[in-house]
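In the order they appear, the protein sequences are chains A and B.
All residue numbers for the first sequence refer to the working numbering, where the first residue is 1 and numbers rise by one.
All residue numbers for the second sequence refer to the working numbering, where the first residue is 1 and numbers rise by one.
I should point out that these hints are in silico values taken from the structure, not numbers from a laboratory.
There may be inaccurate statements among the hints.
One copy or any two copies: either way a pair holds, since identical chains are not told apart in the list.
[Unchecked claim] The calculated DSS-like cross-link candidates involving lysine-lysine, where the alpha carbons are at most 27 Å apart (straight line), are:
| # | residue 1 | residue 2 |
| --- | --- | --- |
| 1 | 67 | 171 |
| 2 | 146 | 121 |
| 3 | 171 | 121 |
| 4 | 67 | 121 |
| 5 | 67 | 146 |
There are 2 protein chains.
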Amino acid sequence: MPSSTAPSARTRVRRLPERAQYDADTVAAIVDAAMICTVAFQIDGVVHAIPTLHWREGEHLYIHGAKASRMLTALTAGEACVTIALADGLVLARSAMHHSMNYRSVVIYGRFEPVTEPAHKLGSLRAFIEGLYPGRWDRLRPISDKELNATALLRIALDEASAKVRDWGVKDDAEDLGWPVWAGVIPLRTVQGEPLTEADSVLAEVPPTRFAPPPR
Amino acid sequence: MPSSTAPSARTRVRRLPERAQYDADTVAAIVDAAMICTVAFQIDGVVHAIPTLHWREGEHLYIHGAKASRMLTALTAGEACVTIALADGLVLARSAMHHSMNYRSVVIYGRFEPVTEPAHKLGSLRAFIEGLYPGRWDRLRPISDKELNATALLRIALDEASAKVRDWGVKDDAEDLGWPVWAGVIPLRTVQGEPLTEADSVLAEVPPTRFAPPPR
Numbered sequence: 001m002p003s004s005t006a007p008s009a010r011t012r013v014r015r016l017p018e019r020a021q022y023d024a025d026t027v028a029a030i031v032d033a034a035m036i037c038t039v040a041f042q043i044d045g046v047v048h049a050i051p052t053l054h055w056r057e058g059e060h061l062y063i064h065g066a067k068a069s070r071m072l073t074a075l076t077a078g079e080a081c082v083t084i085a086l087a088d089g090l091v092l093a094r095s096a097m098h099h100s101m102n103y104r105s106v107v108i109y110g111r112f113e114p115v116t117e118p119a120h121k122l123g124s125l126r127a128f129i130e131g132l133y134p135g136r137w138d139r140l141r142p143i144s145d146k147e148l149n150a151t152a153l154l155r156i157a158l159d160e161a162s163a164k165v166r167d168w169g170v171k172d173d174a175e176d177l178g179w180p181v182w183a184g185v186i187p188l189r190t191v192q193g194e195p196l197t198e199a200d201s202v203l204a205e206v207p208p209t210r211f212a213p214p215p216r
Numbered sequence: 001m002p003s004s005t006a007p008s009a010r011t012r013v014r015r016l017p018e019r020a021q022y023d024a025d026t027v028a029a030i031v032d033a034a035m036i037c038t039v040a041f042q043i044d045g046v047v048h049a050i051p052t053l054h055w056r057e058g059e060h061l062y063i064h065g066a067k068a069s070r071m072l073t074a075l076t077a078g079e080a081c082v083t084i085a086l087a088d089g090l091v092l093a094r095s096a097m098h099h100s101m102n103y104r105s106v107v108i109y110g111r112f113e114p115v116t117e118p119a120h121k122l123g124s125l126r127a128f129i130e131g132l133y134p135g136r137w138d139r140l141r142p143i144s145d146k147e148l149n150a151t152a153l154l155r156i157a158l159d160e161a162s163a164k165v166r167d168w169g170v171k172d173d174a175e176d177l178g179w180p181v182w183a184g185v186i187p188l189r190t191v192q193g194e195p196l197t198e199a200d201s202v203l204a205e206v207p208p209t210r211f212a213p214p215p216r
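Let the sequences and hints guide you as you build the complete structure.
Rendered as structure tokens:
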């Protein structure tokens, strides 16, 4: 059920609060719809923000990386802010001021925790691959213990998060409605291009992914 | 000319440095190709990261917002980190470990400065609209002094920035090349969907944008 109450003070949307949503289902759906998040954190007072792939399992957002990664080390030592933004459409108004964008975004606050238990790591990496490429995990050369060990997994709870959504039409000033310029929304979406099969790929059939196939 | 030297210590790419690029042309091209950046900053020691629209003019990245925005106020009071990430393709290998993504990303460090001179603001907002919709600015209901005054513009120099690019094929372990699974790259791109003209739009002709038209 949609909730209009922020789970914490730092989560409360200040700017355009009418676009804010705080319910877990909305947050989860936006996390799932995106593939890349930006993870912001500080090291010695300097703010860093790094884009990385993510996936969701239950009430956590997961990221992965090399065990030696400076970012992953810093993340378990302090608070982080994770941001996701999806551009859904261009909003063209009669005035420059009312041009806008339709979008879905999420901001998550909290601290990442390492996921170190091997069976948990294995299950999570499988969920990551399967989320992008349904059915692929079992066809791959099985992951080795060495590879699993070299991969660091971190997760952050989604309980301190806010979503922001704009998904409506043009809002112009009443006196501008007759202005002779096109007004409307141009949706945007991500699609696949033509797959590029490696020259030495044993199989030629391109596997399914979560993205739309190339336009014909 | 491509440069392999980071402009500052905090800008140096630590993880997968073979993907790092520091030349201004590469950074500018990625800034131009993206529409949304994430701006990370801190207020009273808490790190925030907020997605926002951006555009480039010369050697600066510009953002805008309402004059009362908490973020815009905080940004001129301390250091920020701006991140841009574009997902260009899915890289499918024979092992889970070597799955990857083709992408272009930029990380910029520095401090935003306010742009307050009215003619500069007007020219910048024009560049913002024209960058998305070539030819549109002069057809819009002209911006009022009140609107211009209510809009805050900030810019950050691109001189302390790094880019990271992966734009190649699959890198599998030699002993995995015969594994019977598809290997290759599936490009991703953003395209327009069917425009939704407002019911009261005086004109029916959809204007050009910087994005590809809807697939036919």
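Status of each hint after checking the structure:
1. For a Cα distance limit of 27 Å, the shortest separation of residue 67 from residue 171 across copies, 20 Å, qualifies, whereas the shortest one inside one copy, 49 Å, does not.
2. Taking CA atoms no more than 27 Å apart as the test, residue 146 paired with residue 121 passes inside one copy only; the shortest distance there is 13 Å, against 56 Å between copies.
3. In this assembly of identical chains, residue 171 and residue 121 lie within 27 Å of each other by CA distance solely across copies; the values are 23 Å between and 47 Å within a copy.
4. With identical chains, the CA atoms of residue 67 and residue 121 are at most 27 Å apart within one copy only, with a shortest distance of 13 Å there and 46 Å across copies.
5. With identical chains, the CA atoms of residue 67 and residue 146 are at most 27 Å apart within one copy only, with a shortest distance of 12 Å there and 53 Å across copies.
Of the numbered hints given earlier, the model fails none.
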